[in-house]
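Chemist: Residue numbers (full-length UniProt numbering), protein chains in the order written: chain A, 1 to 139; chain B, 1 to 139; chain C, 1 to 139; chain D, 1 to 139.
Since the hints were made in silico from the structure, they are not lab data. It is possible that some hints are incorrect.
The list cannot tell twin chains apart, which means a pair is met if one copy fits it or any two copies do.
Stated by the list, open to error - Straight-line C-alpha distance at most 25 Å; calculated SDA-like pairs for lysine to any residue:
1. Lys106 with Arg38
2. Lys91 with Met1
3. Lys106 with Asp95
4. Lys91 with Phe18
5. Lys91 with Ala8
6. Lys7 with Leu27
7. Lys106 with Phe13
8. Lys106 with Pro137
9. Lys91 with Asp17
10. Lys7 with Arg90
11. Lys106 with Pro19
12. Lys7 with Ala93
13. Lys91 with Ile136
14. Lys106 with Asp121
15. Lys106 with Asp23
16. Lys106 with Arg36
17. Lys106 with Phe119
18. Lys106 with Arg16
19. Lys7 with Lys91
There are 4 protein chains.
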Amino acid sequence: MNLAMDKAALEAFLARDFPQVGDDFVLEEVTPMVVRVRMPVAERHLRPGGTVSGPSMFALADVSIYLAILAMIGPKALAVTTNCSIDFMRKPAADRDLICDARLLKLGRVLAVGDAMIFSDGLEGAVARAGLTYSIPPT
Amino acid sequence: MNLAMDKAALEAFLARDFPQVGDDFVLEEVTPMVVRVRMPVAERHLRPGGTVSGPSMFALADVSIYLAILAMIGPKALAVTTNCSIDFMRKPAADRDLICDARLLKLGRVLAVGDAMIFSDGLEGAVARAGLTYSIPPT
Amino acid sequence: MNLAMDKAALEAFLARDFPQVGDDFVLEEVTPMVVRVRMPVAERHLRPGGTVSGPSMFALADVSIYLAILAMIGPKALAVTTNCSIDFMRKPAADRDLICDARLLKLGRVLAVGDAMIFSDGLEGAVARAGLTYSIPPT
Amino acid sequence: MNLAMDKAALEAFLARDFPQVGDDFVLEEVTPMVVRVRMPVAERHLRPGGTVSGPSMFALADVSIYLAILAMIGPKALAVTTNCSIDFMRKPAADRDLICDARLLKLGRVLAVGDAMIFSDGLEGAVARAGLTYSIPPT
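The shape of chain A in the complex, shown without the other chains:
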């Protein structure tokens, strides 16, 4: 399997098409079916008690799988999330970035399924795990 978009192409796509969120996410690694994305944790992601909000972690998992799909099929198709099931397992550290390791488990003609494991950078034990399904519209 080859990449349809490499790291630089994905970064350019993110900056251009997702200006609202592009700053929230840093693409660290892209290989076929697998990406690693960093989310620099900022004040706006925090919740009372000094932890990162659930929606922030959801957003990180969602964008990571999305980028993993685009890396394989290119920017033409507009994939949309149809399902996400996420388990929040540990309280993320407020003073560390989040790291998301995402991989595609299936890349079909109409559906793609991936899972995402989220960590507080440098700490053991995933803070969240998510499974996501994307619908891939016909070209």
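Chains B, C and D: place on chain A using the hints.
Modeler: For chains B, C and D alone, coordinates are given in the frame of chain A:
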């Protein structure tokens, strides 16, 4: 069943403890085990193609179930989301508020389970459906 | 919306195409987008402690949504489950049938989404809630 | 981390406490937080079109995580499944056993979370992926 917190008490709690997100959500109705929450859709919630982002809908479902729990158990306990499974079914309208109808299906000693149905205000057909589980720490 | 298959047609389909499980399920009501299915609880569904097994409840939710889809689109298409998220909320009674109220929330061209609420017959409080997605192959 | 129950102890437990399903599952490997379970596919697991039923795969994921938990905490506690989200990704082969690789991602005081990847023995590409949460009652 009686409410431990009514609408005014929940609004005050939201404004004080969740200043980051309090403006995003308007509590419309509170009855035992059931709440309705409005999310005024703003530029920051939108995505390319003129639709509301998945993380925004996740956040709406999450806060709605959270408020439904607090309404029943009061502000003392710090409930945390442990699981969310969300189906995105239709593209939300970019120019309409989102409305979330949330209800608790179980309110146990350690776990609460609720479901949330999200609509574009005034349009038929839910745009998303979510089931959430919260862990309720011992008092 | 009209039914493509009514109760009698669905029963005949179930008996012919699902002889392994047909005896497990009794179709009680069929209306557009909504079905009610009864599962007579038998020894083989039980678990230690006198409760109905999780896989039995999963099977009930799965077949109920499947029948709700077939009722609308007819027996031609071979719909397959792509995702199920199920919350087990209360211990089912071992000596009562299970009742599943299932409804379709979306019936699209390629995906159908439904939810199912499962009760012990005659008891209040759902024992389980499930959301399911089916993929509908092109005809 | 040490095992509270090894392979032989888990097999004896399964045979004694789950006689209804014990024959369906063969424990292949047990290490801390990780188990591998084989399900010999038989006529009763099949569906039209020569594939293994969804409830059979659900049952395999469920028992695998359950055994992974018991391996760590011993047979005293009666853990119960509270949530399962499962993605069915590929059609399992009808003439091959299913293999489930299950691991615990969190083993807390009241909740355990695990994920399970299910394969048709010898074939590439998981047929299903599941995330499960178990509630662990106080001892």
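Chemist: Decide, hint by hint, whether the structure agrees.
Modeler: Against the structure, the hints come out as follows:
1. For the identical chains of this complex, Lys106 and Arg38 are neighbours both inside a copy (23 Å) and across copies (22 Å), given an alpha-carbon limit of 25 Å.
2. Taking the closest pair of Cα atoms, Lys91 and Met1 come within 25 Å of each other only across two copies (22 Å); inside a single copy the shortest separation is 36 Å, beyond that limit.
3. For the identical chains of this complex, Lys106 and Asp95 are inter-copy neighbours only, at 22 Å across copies versus 34 Å inside a copy, given an alpha-carbon limit of 25 Å.
4. Taking the shortest alpha-carbon separations for Lys91 and Phe18, only the inter-copy value of 17 Å comes in at or below 25 Å, while the best intra-copy value is 28 Å.
5. In this homomeric assembly, Lys91 and Ala8 never come within 25 Å of each other (Cα to Cα): the closest approach is 32 Å inside a single copy and 30 Å across copies.
6. Taking identical chains as interchangeable, the C-alpha atoms of Lys7 and Leu27 lie at most 25 Å apart only when both belong to the same chain, with a minimum of 7 Å there against 42 Å between chains.
7. Taking the closest pair of Cα atoms, Lys106 and Phe13 come within 25 Å of each other only inside a single copy of the chain (23 Å); across copies the shortest separation is 31 Å, beyond that limit.
8. Both within a single protomer and between protomers do Lys106 and Pro137 lie at most 25 Å apart by alpha-carbon distance, with minima of 16 Å and 17 Å respectively.
9. In this homomeric assembly, Lys91 and Asp17 come within 25 Å of each other (Cα to Cα) only across copies, at 18 Å, whereas the closest approach inside a single copy is 31 Å.
10. Neither within a single protomer nor between protomers do Lys7 and Arg90 lie at most 25 Å apart by alpha-carbon distance, with minima of 30 Å and 29 Å respectively.
11. For the identical chains of this complex, Lys106 and Pro19 are neighbours neither inside a copy (28 Å) nor across copies (31 Å), given an alpha-carbon limit of 25 Å.
12. When the C-alpha separation of Lys7 and Ala93 is checked against a cutoff of 25 Å, the pair qualifies neither within a copy, at 28 Å, nor between copies, at 32 Å.
13. Taking identical chains as interchangeable, the C-alpha atoms of Lys91 and Ile136 lie at most 25 Å apart only when they sit on different chains, with a minimum of 14 Å there against 33 Å within one chain.
14. Proximity of Lys106 and Asp121 under a CA criterion of 25 Å is satisfied inter-copy only: 18 Å between copies versus 27 Å inside one chain copy.
15. When the C-alpha separation of Lys106 and Asp23 is checked against a cutoff of 25 Å, the pair qualifies neither within a copy, at 28 Å, nor between copies, at 31 Å.
16. Taking the shortest alpha-carbon separations for Lys106 and Arg36, both the intra-copy value of 18 Å and the inter-copy value of 22 Å come in at or below 25 Å.
17. Proximity of Lys106 to Phe119 under the C-alpha cut-off of 25 Å is found in both arrangements, the shortest distances being 23 Å within a copy and 13 Å between copies.
18. For a Cα distance limit of 25 Å, the shortest separation of Lys106 from Arg16 qualifies neither inside one copy, at 27 Å, nor across copies, at 32 Å.
19. Within a single copy, Lys7 and Lys91 get their C-alpha atoms no closer than 30 Å, and across copies no closer than 29 Å, so neither meets the 25 Å cut-off.
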